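Residue numbers (the working numbering), protein chains in the order written: chain A, 21 to 451; chain B, 66 to 373; chain C, 569 to 719.
In short, the hints are calculated from the structure, not lab data.
Keep in mind that the hints are not guaranteed to be accurate.
[Said to hold, decoys possible] Calculated cross-link-like contacts (lysine-lysine; reagent style DSS-like; alpha-carbon spacing at most 30 Å):
1) C:LYS575 - A:LYS96
2) C:LYS575 - A:LYS287
3) A:LYS96 - C:LYS572
4) A:LYS287 - C:LYS572
5) A:LYS416 - A:LYS282
6) C:LYS575 - A:LYS282
7) A:LYS416 - C:LYS653
8) A:LYS96 - A:LYS222
9) A:LYS158 - C:LYS643
10) A:LYS416 - C:LYS643
11) C:LYS571 - A:LYS287
12) C:LYS571 - A:LYS96
Since we're looking at a predicted model, the values are computed, not measured.
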Amino acid sequence: MDYIPILVLVLSFVGLLSIGTPVAWSISISSVLTMLVSIPALPAFTTVSQRMGTGLDSFALLAIPFFILSGQLMNKGGIAHRLIAFAKTLVGSLPGGLALINVIGAMLMGAIAGSAMASASAMGSILGPEMEKEGYSKEFGAAVNITSATTGLIIPPSNVLIVYSLASGGVSIAALFLAGYIPGIITGLFLMLVAMFWAKKKKYKLGKRSSLKDVFKTFIDAVPSLFLLIIVIGGIVTGIFTATEASAIAVLYTLILGFAYKEISFKTLPQILLDSASTTAVVMLLIGASMSMSWVMSFENIPQSISASLLAISDNPIIILLIINLILLFVGIFMDMTPAVLIFTPIFLPVVEGLGMDPIQFGIIMVLNLCIGLCTPPVGSVLFVGVGVAETTIQKVMKPLLPLFLAMVVALFLVTYFPQLTLWLPSVFNL
Amino acid sequence: FSCSDTSDVETIKLAHSLDVNHSVHKAMVKMGEDLAEISGGKMQLEIYPSQQLGTERECIELLQIGSLDMTKVSVGVMENFAPRMKVFGLPYLFRDRAHAFEVLDGPIGQELLDEGTKYWIKGMCYYDAGSRSFYTKDKPINSPEDLKGLKIRVMESVTAMDMVKSLGGSPTPISWGELYTSLQQGVVDGAENNPPSFYLSRHYEVCKYYSLDEHTVLPDVLIIGTHVWDRLSEQQKKWLQQAVDQSVSYQRELWAEAEKEALEEVQKAGVTVVRPDKSSFANDVEGVYEAYSKDDDMKDLINRIKNN
Amino acid sequence: MRKKIDKILGNLLIVIMGVMVVNVIWQVFTRFVVGTPSSFTDELARYLMIWLGILGAAYVSGRNMHVAIDVLPQKASNKTQKYLKLVVYVLIILFALFAMVIGGCRLVYITYVLDQQSPALQIPLAFVYLAIPVSGLLIIYYKISDIINIE
Ligand code: NA
Ligand code: NA
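With the rest of the complex left out, here is chain A (with noise of 0.2 Å):
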């Protein structure tokens, strides 16, 4: 085989990133680069410009922009000050109490919206500060809130297993978004034991308990924000609508949700809606560049070439998922996890379906794996978030998290080595 395209994009790809270039043109340059190696030059820049734009061309993409605004409006639109409210009456007396109200937020959070990064900048900034109240450090209410944020990625509705979905040729998103309930869940409740050990240890005060009349009256008010939960996960699994239109019915709902509690208006709606495209440009910028890559390596076979040599070095299959996870999370310390997925699904998808895994499970397990990237240096989008939000340093935030990466090791090493807790709940849905 000829390994010149190989080199050329893995050589600009890397030296591209190390000087600094945006992930995104890395991509896009790098693949414009391998083109040329077989392609004449005016074909090359003009199929470049295609797969740019047709790589957008995607109705199930739609659900990205949609699930990005709705998480803003529930941020502005006071869904989210509520969520936190009820889950504060729920376990805020346990040991770590405020900590599992992080957690515990986030996953509901998680439940309703598509994206890490709004759920860490909300929980952050109002839990917080009365984290530090209480007498917790700065850092373990960082940490907490870091790594429990990347639940509502796999507890859907979320983005980046859509972004899966197109990337592995279209295995079914209900599917998807059914199978990561449980991983989720559990990797959120590993992260629980873990902020309650700490705690204990660090002897962290405990809360006020609260009387069933306050758990009550902050349920119904949180009422109309769980709801939501119903509505999108109702709809989608009922047939009413189909994934990308429940994310249009959740921006509709969040919308109307806003307005009733008198905090979005005409006035702030514009921002809003700036904000969500900016935030989805960068995303599908990524996506363009992606499947100019993907399209540059199918052309000179590359996924073959690198599925076949990783064939090769065992074909115990326990073996290979193992390097691949490693692989996967080498990645995820350097790389954006929407880049990642994309690159990484066409290569090793064929691998592991050759091993008779199901593009589901395959599908919860990158994700998990990748999740665990975000929060770690130097890349790490929903690390700087929750860094930023407390207002400390990565380099402190460190100590905390290694215990909280340890439970979210665990987990994924559950998912990966039993199907079942993906595989189950999409197969009681005929899915």
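Since the structure of chain A is already known, use the hints to place chains B and C with the ligands on it.
Relative to the frame of chain A, chains B and C with the ligands by itself:
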């Protein structure tokens, strides 16, 4: 760069969107073998299956752009590039399978293949894709009445939408990839396609009625970019065309087998296959033809096909 | 000048985003309330998405929001950092010029002269792809202005 590139082997890159088990892919593999043999190793074919390089529409564009050499698309997709290909979307255009083959293999078929050259693409042959029929979730379609009020998934093509509308259904364009879940969740009540696609897409797991009304015959077309075609020598063109022609008859055999197998398999899986009286359907689609009553060119083409 | 372009581009993005939401809600509405599913909403949504993503890329470039991995540059001296930044800007400009403007214009030209229409809306596909060269030009403008103001 590498040694093989410096020799004078002409490699034709061919991309398509079908699975490697599909009859068209198998025929292409044979075409590659034949091509290498006929040309004494001077020409070879590199095949990219499963939509690796893009959807059907995008692959046509890649031919025009010049980064891909050949592709296979449904004539339904060709409509947007060579408008007269629309004619194949008309329901009950052909009397039967034999009539369809006669037209496709004859001068009219060739005329339509050549039509693309002004759009920088040249048709090389037709592959059989059978006839399309309705499959539905809740009840069989024995007459157009049964379609009333049903949401039927159609391809994004004006003719296909007109056809379903004239039969009384609500045409709903949904992408092929989203269709399985859409059927399952009841976003649409049914769809239409040929037996192998119905089988391979596993839509039979959701739709338990397959009504063989055989409304349209939409063949697949193998096309080459004129960029490449014009670059080839007369000798190379001959080799390629010969390999293509040999693949056509092979694919028709494979298709017939695949169709039979698909119908057997879906019935084994519990699908009720019905064969409704086609005349009631044929009468209802007159409206689709009326859309072309003012277009003399299309009217003429339709008449020539009908009288073939 | 730059502020004005930001403003226009921003407003355009707001409109596209708003229309996208209304469009998809309309799609659900026509299917479930009206009963006759609309035939164009899916296609319109996808084309708006392309415009949002590609034009948004220019907007985001203007604000330097694209994620980069700046481990190496952070360790370098001030002078080297400035130099690396310049190299990155020039590379982006070259990509925008060759792939987005030249490649994009050729794509628009091909779809235009070859008369490719979209299936449902029957609009020339050239309009859809036009977003690419337009965005390329804007990115070149932003990056040149970044180079001039490099600190
Ligand atoms: Na989520
Ligand atoms: Na990371």
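### Query
Against which earlier hints does the structure fall short, listed by number upward?
Hints 5, 8 not satisfied by this model.
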